[in-house]
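Asker: Each chain is listed here by its residues.
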Amino acid sequence: MSEFLTQFMERRGELLELTIEHMEMTSLAVLASLIVGGLIGIAITKNDKAAAIVIGIANLMQSIPSIGLLAFMVPFVGIGQKPAIIMVVIYALLPIIKNTYTGITGIDPKLLEAASGIGLSKTQQLLRIQLPLALPFIMAGIRISAVTAVGTVTIAAFAGAGGLGWMINMGLNANDANLVLLGAIPACLLALAVDFVLGKVEKAITPEGLKPADKIVYMPRRKRLVRQAVALALCAVLLIVPSVSSLVRSLSKDENRLLVGAQNFTEGMILGDIYVELIETRTDIPVERVYNLNGLMITMPALENGSIDMVTDYTGMLAPQVLHLPMDTNPERVYENVRTGMKEQFGFEVSEPLGFSNTYVLAVTEETARTYGLTTLSQLVQQAPSLRLGATTSFLIREDLLPKLKAEHGVQFKEERGLDGNVRYQAILSGEVEVTDAYETDALLMKSGLHCLEDDMEFFPPYQCVNVIRGDVYERYPELREVLPLLDNAISTEEMREMNYKVDVEGMTTQEVAHEFLVEKGLV
Amino acid sequence: MIEFRNVSQSYKDHKVLTDINMTIQSGEFVVLIGSSGCGKTTLLKTINKLTSLAGGDLLIDGVSIRDIPDIALRRRIGYVIQDGGLFPHLTVEENISLLLETVGMPSEKIPARVDEVLEMVNLDPDTFRNSFPAQLSGGQKQRVGVARAFSANPDIILMDEPFSALDPVTRGELQNEVVKLQKRFHKTIVFVTHDMDEAIKMADRICIIQNGQIAQFDRPEEILKRPANAYVEEFVGKNRLWGNPAYIHAEDIMKKAVIHISKNRTVLQALQIMRHNTVDSLLVTSGREHRLEGIIWLKNLQEVKDYSASLEEYITQDYISVYADTSLQEIIDTVDYDASGIIPVVNHENELLGGLTKSGLLATLSKRYRRDSTEGVEE
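Order-wise, the sequence lines are chains P and H. Under the UniProt record's numbering, read the first sequence as residues 1 to 524, first letter to last. Under the UniProt record's numbering, read the second sequence as residues 1 to 379, first letter to last.
Hints were generated in silico from the structure; no laboratory data involved. No experiment lies behind these values; they were computed from the predicted model shown. Check the hints yourself; a few may be wrong.
What the hints assert, rightly or not - In silico lysine-lysine, BS3-like type, Cα no more than 30 Å apart, as pairs:
hint, chain 1, residue 1, chain 2, residue 2
1, H, K201, P, K122
2, H, K225, H, K263
3, P, K49, H, K183
4, P, K110, H, K15
5, H, K358, H, K263
6, H, K358, P, K122
7, H, K109, H, K201
8, P, K110, H, K255
9, P, K98, P, K200
10, P, K110, H, K225
11, H, K225, H, K49
12, H, K256, H, K225
13, P, K46, H, K225
14, H, K49, P, K46
15, P, K223, H, K180
16, P, K46, H, K255
17, P, K49, H, K49
18, P, K200, P, K211
19, P, K110, H, K299
20, P, K98, P, K215
21, P, K110, H, K256
22, H, K256, H, K305
23, H, K255, P, K122
24, P, K122, H, K256
25, P, K223, P, K49
26, P, K49, H, K15
27, P, K122, H, K263
28, H, K358, P, K110
29, P, K46, P, K203
30, H, K12, P, K110
31, P, K343, P, K447
32, P, K502, P, K414
33, H, K201, P, K46
34, P, K521, P, K502
35, P, K203, P, K215
36, P, K49, H, K45
37, H, K49, H, K12
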């Protein structure tokens with residue numbers, strides 16, 4: 001708890017910024033859904049068939065998993081707030097369309113006949129009768145949308161949109177429950193606040209005459225209109241002001257910036273910060289961080305459409321997943337194939353390896369190592385039947401990992417359990433399993449003092465870290481040809497692991513660690 | 001004046017109205033009535049184009065409604081539906097002023113007009129002006145509906161079963177008030193109902209619709225007495241006439257063959273006639289036209305010595321006569337229940353047309369109640 005409070009005090013400025021950003025995105029999305037959904041909702045009241053189709057489509061869109069929708073949109077609209085807001089709009093649309101439609105069509109047809117009968121035009125009927133009667137329903141729709149949107153916007157962080165999801169996402173990747181809570185609690189409070197305020201607005205705009213007879217309190221028409229207007233204005237301010245500020249900010253963005261991308265885990269962000277500081281100190285190029293990108297499904301489209309200019313990744317990821325190359329465990333060959341492949345297929349430049357590799361390793365406790373005499377992978381293969389494995393799901397199912405180990409080397413562990421995150425460290429330290437998988441530069445490896453088994457069989461695919469750069473970057477900024485290679489072969493596995501440790505365990509920021517590294521190496 | 005000229009209407013393949021021809025005079029109260037689905041409401045809505053005119057033509061004061069834009073037409077015609085058709089989010093005042101605004105009344109004149117029409121329908125403006133429909137009783141809502149329809153002072157008001165959801169007492173009150181307002185302000189009202197009693201009570205003329213055609217369009221009395229066909233007769237109900245004593249006249253229920261004697265006859269002849277018919281009085285007439293001269297009573301003749309004496313000096317005026325067009329209601333009110341004998345029915349020239357006996361009256365009235373007890377279920 002005290003740790004949580006310390007984190008909160010340290011990050012409160014950042015948290016406030018993220019909260020504001022979160023509100024901006026929510027407001028913009030709800031405003032857009034209101035305009036689009038409201039108009040659609042009104043339009044489909046004229047035609048039952050169209051209504052069924054439109055509501056069906058809106059229902060269907062609601063059922064698309066948000067992460068999938070986000071990934072689907074990145075190639076078309078890039079990364080950042082744009083796909084995020086489109087995604088949130090898609091989810092926020094349904095309640096508004098539905099409630100507008102129900103609110104208007106639910107009005108007693110006799111009333112509309114009376115309205116026609118006394119000579120109100122269609123427009124007068126809509127403005128004087130239908131909308132006032134439907135307003136509470138529409139408002140309830142906005143309320144549901146807004147509350148949902150606060151939640152959905154957290155997902156948007158996976159495409160680098162920022163907001164409170166950024167904090168949650170970081171916490172998830174650093175296995176830091178406090179960080180997750182630091183993002184989740186404000187998001188939750190924000191949702192409650194939105195619900196409360198919009199609930200009040202809903203109550204204020206509900207026409208007095210629609211209440212039960214004994215609850216009706218007469219107010220002069222002017223006073224009633226003022227009350228409704230104030231409520232609607234409040235609602236409008238809540239929606240419009242943050243939207244405008246968000247739009248202004250995104251429009252005022254300098255187009256001519258170098259966009260440094262980073263994936264959504266500590267190592268990626270440290271490397272991003274190292275590049276950013278290096279470039280900022282050595283050149284005059286304006287740099288912008290585009291961080292928290294959720295894996296290749298986001299980074300590759302982002303590179304292609306210019307949402308980012310560079311991002312670090314690993315040869316073992318790029319070869320099979322982007323270039324679809326066959327399995328290969330020779331590091332030099334894999335690197336060479338990746339470099340030429342990326343150039344030919346996408347026109348991307350791939351830097352020299354940065355020096356460290358972040359491949360899979362299998363780790364055991366010191367005690368297990370001693371008991372079973374384990375220092376290498378081949379020794380583990382012999383002892384497997386008497387050991388229990390607790391590994392990440394991807395290790396258990398990826399064809400080049402455990403299945404290959406079983407097929408080619410006949411490995412059969414005593415027991416296999418899928419454990420993700422830092423649960424597997426807890427499991428191995430408490431003696432529930434003896435073997436776990438890890439990434440070479442994992443900070444937790446260092447923290448928990450696990451013993452990594454040397455891959456003497458060239459079994460694991462190489463995961464050399466490289467910087468992937470858009471082809472036009474050197475044309476736009478020729479001076480980078482001198483700067484970026486400074487990091488080639490500059491970071492050892494141990495150095496990287498230590499930097500991760502400083503962030504994930506000791507609580508330093510990625511920028512501090514990056515700066516420390518550059519100073520140590522004499523690069524700045 | 002509203003003229004229907006071969007008005008036809010169909011819904012999908014089904015003909016709802018066929019060749020309706022009818023003229024409603026200005027200031028007339030016309031009730032459209034018929035069983036449900038007969039087309040009466042469609043016919044009503046054709047007038048303000050809530051149902052568009054399919055075939056034929058409809059003229060208001062000589063102008064075809066085809067030549068009047070829908071909205072403009074509706075603003076000239078008042079419209080009342082069940083429950084008044086009030087908008088629940090507006091107060092009584094706003095419900096009325098909304099209409100006044102749309103017809104273009106200057107806003108400073110609106111509040112006064114609202115108060116005026118509320119008073120017209122017997123609602124105290126100070127009490128009800130700021131009420132919402134949810135706070136009103138059914139009757140009050142309907143009064144506001146009526147007030148709204150009268151507010152813009154249209155020549156024509158259409159009413160679509162406005163009172164059918166009200167309790168009988170409230171309904172009765174509103175029926176009376178609407179008729180009064182209609183006469184006072186000389187409005188043309190077209191009123192749809194399925195309640196024959198309501199129609200008879202309110203209408204100047206009733207139009208009975210049968211399967212989209214006019215079965216009969218006439219004054220209530222004519223419809224009651226001379227139904228055009230079996231449908232009308234059944235719809236009206238055979239006993240309906242008896243429920244409306246105002247429409248039953250002496251001539252309808254009198255006995256035509258009534259015993260009478262010329263004033264030139266003798267006492268003896270009179271006594272013989274009385275004995276023969278076992279009656280204690282005789283009507284005395286004169287001339288070919290049977291002008292009623294008076295009555296002679298048996299008790300006055302019994303002391304006469306000279307049987308050949310002329311009747312003339314024994315004639316008395318000790319009787320009550322009624323005119324042929326006196327209503328049953330008045331007859332019942334004027335009958336002297338203690339006196340025996342026959343009630344002569346005469347025309348305005350005092351010529352004897354027939355007679356009513358108390359036993360005959362009793363039979364007439366009891367016939368009504370007998371029917372009610374056996375046929376009342378049908379109503």
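Asker: Would you list, in rising numerical order, the hints stated earlier that this structure does not obey?
Answerer: 1, 2, 3, 6, 7, 8, 10, 11, 13, 15, 16, 19, 21, 22, 23, 24, 25, 27, 28, 31, 32 and 33
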